[in-house]
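There are 2 protein chains.
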Amino acid sequence: MARILITSGPTREYLDPVRFLTNGSSGQMGAALAQAALSRGHPVTIVSGPVSITYPSAARVIWVISTREMLDACLAEFGACAGAIGAAAPCDVRPKNLAEQKLPKESIGDSLALEPTPDVIAALGRRKANGQWTVGFALETDRGRERARAKLATKQCDWIILNNQHSIDSEQTEIEILDSERTLLQVNGSKASVADMIFEQIDRRLIAPAVQNVLDSR
Amino acid sequence: MARILITSGPTREYLDPVRFLTNGSSGQMGAALAQAALSRGHPVTIVSGPVSITYPSAARVIWVISTREMLDACLAEFGACAGAIGAAAPCDVRPKNLAEQKLPKESIGDSLALEPTPDVIAALGRRKANGQWTVGFALETDRGRERARAKLATKQCDWIILNNQHSIDSEQTEIEILDSERTLLQVNGSKASVADMIFEQIDRRLIAPAVQNVLDSR
Numbered sequence: 052m053a054r055i056l057i058t059s060g061p062t063r064e065y066l067d068p069v070r071f072l073t074n075g076s077s078g079q080m081g082a083a084l085a086q087a088a089l090s091r092g093h094p095v096t097i098v099s100g101p102v103s104i105t106y107p108s109a110a111r112v113i114w115v116i117s118t119r120e121m122l123d124a125c126l127a128e129f130g131a132c133a134g135a136i137g138a139a140a141p142c143d144v145r146p147k148n149l150a151e152q153k154l155p156k157e158s159i160g161d162s163l164a165l166e167p168t169p170d171v172i173a174a175l176g177r178r179k180a181n182g183q184w185t186v187g188f189a190l191e192t193d194r195g196r197e198r199a200r201a202k203l204a205t206k207q208c209d210w211i212i213l214n215n216q217h218s219i220d221s222e223q224t225e226i227e228i229l230d231s232e233r234t235l236l237q238v239n240g241s242k243a244s245v246a247d248m249i250f251e252q253i254d255r256r257l258i259a260p261a262v263q264n265v266l267d268s269r
Numbered sequence: 052m053a054r055i056l057i058t059s060g061p062t063r064e065y066l067d068p069v070r071f072l073t074n075g076s077s078g079q080m081g082a083a084l085a086q087a088a089l090s091r092g093h094p095v096t097i098v099s100g101p102v103s104i105t106y107p108s109a110a111r112v113i114w115v116i117s118t119r120e121m122l123d124a125c126l127a128e129f130g131a132c133a134g135a136i137g138a139a140a141p142c143d144v145r146p147k148n149l150a151e152q153k154l155p156k157e158s159i160g161d162s163l164a165l166e167p168t169p170d171v172i173a174a175l176g177r178r179k180a181n182g183q184w185t186v187g188f189a190l191e192t193d194r195g196r197e198r199a200r201a202k203l204a205t206k207q208c209d210w211i212i213l214n215n216q217h218s219i220d221s222e223q224t225e226i227e228i229l230d231s232e233r234t235l236l237q238v239n240g241s242k243a244s245v246a247d248m249i250f251e252q253i254d255r256r257l258i259a260p261a262v263q264n265v266l267d268s269r
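Here the protein sequences line up with chains D and X, keeping their order. For the first sequence, our numbering gives the first residue as 52, with consecutive numbering after it. For the second sequence, our numbering gives the first residue as 52, with consecutive numbering after it.
One thing to keep in mind: the hints can contain errors.
[What the hints assert, rightly or not] Simulated pairs of lysine-lysine, DSBU-like, Cα-Cα distance not exceeding 30 Å:
| no. | chain 1 | residue 1 | chain 2 | residue 2 |
| --- | --- | --- | --- | --- |
| 1 | D | LYS156 | X | LYS156 |
| 2 | X | LYS206 | D | LYS156 |
| 3 | D | LYS206 | D | LYS147 |
| 4 | D | LYS156 | X | LYS147 |
| 5 | X | LYS179 | X | LYS206 |
| 6 | X | LYS156 | D | LYS147 |
| 7 | D | LYS206 | X | LYS156 |
Keep in mind that the hints were calculated from the coordinates and are not lab data.
Next comes chain D alone, as it looks inside the complex (with noise of 0.2 Å):
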């Protein structure tokens, strides 16, 4: 079967050892689409940021901590794998410098630099070959549908997958599924029972017909 690469969880941007910048990602959703991509028959990778929770036992997991890490980790499997789906919430900014030591909190000063992160799924996007497919995730609070779409051609996702604030940290999720031309699924749920829907669409719009195109090309 086809080995889906599933990027879960948030990373960490550090300033110093001690601070950083993130966000609330649990992984939730990441361990409820492996566990789907797994029940389904998918050989599973997924490059996670740091989180409490348990992956499935079955899907190999690949730990890291900030974005450049995950995106590295990512390019290093993305040849063997079917497709990719972005979960993760990865930083898109980081301090432009990290300090060796823990910066006295009168050295912080009133302002901290940034600059922006490379962008995993957007990078994944520009390596597909031979029928691979990425589907990305945008979270958004205000004018989702019209950012997600935005999203889905700068970062050339043949989905993506529009969420909410309310989904982070939660057991629930509500979650409409975009592609250039319409909404393909719109749903609410438990993580679990929406990561299934999910797979449901992957297995039979994705999936199905690259394997077909392979089978035809022979």
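Start from chain D and add chain X according to the hints.
Just chain X now, kept in the frame of chain D:
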């Protein structure tokens, strides 16, 4: 017996509904101190930032997110306590502005304006009355003893417990208890065993004399 206030875990300082500054404090040391206090017969109130560990069920737990909330909860509780232990790692800076909606990556800009947060253990230090005591923690990566002693004075702590970044999110720790003149205890081991040794000192040197003073004044 004497009720003990224990702060525990990290705090979070949000710049928008998704992204925040924090640190990797797991709450393990706070939980171990709470267990040690309970084992010695002291009721415990924990004021904790977001963590995934479970606190002893006999402890009263007040959950907070930001440093400001931690301070407010501690000020409300301190009057009913014999003393406070600041085992939390509250963020000492926060973004100056909190965006109502998730900032598009392009809108974050190349610097983040910061401002100091209130100092929780120092605020309790200023409020001490009737034999109350405060014990702070100093996590330092260099010049530890010097910086810890400076914090002892500015935060008006009775003691300061020095540890280092290897203690963060680890089951092991290495600590040194300092008062204004000397090192009272220097130990390493599991957080459970170290917490018990810390509480043996607190019972003997802080709680017992305070009780004696009350008895003497009758």
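Status of each hint after checking the structure:
Under the criterion of a C-alpha separation no larger than 30 Å, the hint pairing D/LYS156 with X/LYS156 is consistent with the structure, at around 27 Å. Distance restraint check for X/LYS206 and D/LYS156: the Cα-Cα separation of roughly 14 Å lies within the 30 Å cut-off, and the hinted pair is therefore satisfied. Between D/LYS206 and D/LYS147, the direct Cα distance comes to roughly 24 Å. Compliance with the 30 Å bound is thereby established for this hinted pair. A hinted pair counts as satisfied when its Cα atoms are at most 30 Å apart, and D/LYS156 with X/LYS147 qualifies at roughly 15 Å.
Our distance criterion of 30 Å between C-alpha atoms is met by X/LYS179 and X/LYS206, whose separation comes to about 11 Å. Restraint check: the Cα-Cα separation between X/LYS156 and D/LYS147 comes to about 15 Å, which is no more than 30 Å; the hinted pair holds. Pair hint D/LYS206 plus X/LYS156 holds up; C-alpha atoms about 14 Å apart against a cutoff of 30 Å.
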